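These protein sequence lines map, in sequence, to chains V and L. So the first sequence is numbered by the working numbering: it starts at 1 and just counts up by one. So the second sequence is numbered by the working numbering: it starts at 1001 and just counts up by one.
Just so you know, these hints were derived from the structure itself, not from any lab. Heads up, some of the hints might be wrong.
A few chain L residues facing chain V, derived, Cβ under 10 angstroms [to be verified]:
no., residue
1, ALA1042
2, GLY1048
3, GLN1075
4, ARG1078
5, SER1079
6, MET1088
7, ALA1090
8, SER1092
9, GLY1107
10, THR1143
11, LYS1150
Straight-line distance between alpha carbons at most 27 angstroms, and here's what the computed DSSO-like set of lysine-lysine pairs gives [what the hints assert, rightly or not]:
no., chain 1, residue 1, chain 2, residue 2
12, V, LYS152, V, LYS189
13, V, LYS139, V, LYS122
14, V, LYS130, V, LYS209
15, V, LYS155, V, LYS139
16, V, LYS104, V, LYS130
17, V, LYS155, V, LYS76
18, V, LYS76, V, LYS104
19, V, LYS130, V, LYS152
20, V, LYS122, V, LYS209
21, L, LYS1084, V, LYS189
22, V, LYS76, V, LYS130
23, V, LYS209, V, LYS189
24, V, LYS139, V, LYS104
25, V, LYS152, V, LYS104
26, V, LYS209, L, LYS1084
27, V, LYS139, V, LYS189
28, V, LYS122, L, LYS1117
29, L, LYS1150, L, LYS1055
30, V, LYS104, L, LYS1121
31, V, LYS209, V, LYS76
32, V, LYS130, V, LYS155
33, V, LYS104, L, LYS1055
34, V, LYS122, V, LYS104
35, V, LYS139, L, LYS1121
36, V, LYS104, V, LYS155
37, V, LYS122, V, LYS155
38, V, LYS122, L, LYS1084
39, L, LYS1150, V, LYS122
40, L, LYS1055, V, LYS130
Remember, it's a predicted structure, so these values are computed and weren't measured experimentally. Think of the CB as a built atom: it goes at the ideal place given N, C-alpha and C, for glycine as much as any other residue.
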Amino acid sequence: MPTSDSQPTPSAEPPSPRSIKLAIAGLVVAMVLIVGAVGLLLTGHSRDNAAQAIGGPFALTTGDGGSVTDQDFRGKFMLVYFGYTFCPDVCPTTLNAIADAMDKLGPTAARVQPIFITVDPKRDTPAVMKQYTANFGPKLLGLTGTPEQIAKVAKEYRVYYAEHRTGPGPNDYSMDHSSIVYLMGPDGKFLAPIPAEESATTIAVDIQKAVS
Amino acid sequence: MRNQIRTIRIVLLLATALAGWPLTGRAADNGLTVENAWARPAAVGQMGVIYLTVKDAGAPDQLIGARTPVANDAQLHRSMMNGKMMEMRAVSEAPVAPGQPLVLAPGGYHIMLMGLKRPLKEGDTVPVTLVFRNAGTVAATATVHREAPKP
């Protein structure tokens, strides 16, 4: 016996209860698909965000040869900049601006730790880091480490660096590197990027905004 | 000639000391004038840097090198952003022409001092000899500052 489905239904006829049911079912299926697709997009997106998260745990060495980890700075805002001490041109510009920004911050400065991490651990021994960072005020903390430790922290902060050979000698190279300052929160989480070429005044304003 | 250069240098140093302000190297016969020469503070063995502006009232020329007694070597370098990467490269020449001064400044052209023989402290003066392709040498004196002095 043929079912009603197989019978041609003139379009003018009012929809049967069965076709309404089918339409509702179709709608439900479509909604489930849409919700699922949006959900997939969202989770995919948040996975991307996780991959893009800036910062993470590190274990490095101070200019005095002491060990520090990111945990030592919990409760403080970290201002993190990567560079190298054989960089006489660009790095000092940024580090001077950071030092002057700290001065401009007044009491807020006590809650901020500026950190300079080298991307050139071969030449930037703790002693070299100490001597270099002394040029940029008492607050700046210079950190170095093993090449592996530096590679890890640079990757976490999405900082790229590469040796550029300038001659045949072992020390004949400069470093190409990302030039950006990261403001990290008291929980160690990324708050805001600060362009490395910003003035001390702008850096101070950026920090003040994030801190208050 | 050597004595003459030495005399010019001594006069320049005296003038600088008297003015309490930097740096003017002048080679009257070739039209090149050096202004606002300054160096960053740095320790022995580290890299140093000299910035300055060359103005040209004569013919177009190129800065091709520099010498200073305070470092083992002095090289003309240029920093530049390549995408998100900051790169620093040695360059063989930097052009100067009338109306187009050559500006050596942070983040661009600079004279890199490799292996400092003495520390550069704020207020110190650093003699530097610039070498131009056509004009030959021009002597100047840079003063050590943390940041670019206002011209």
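message: Check the structure against each numbered hint from earlier and tell me which ones fail, lowest number first.
response: Result: hints 8, 10, 11, 14, 20, 25, 33, 34, 36, 39 and 40 break, sorted rising.
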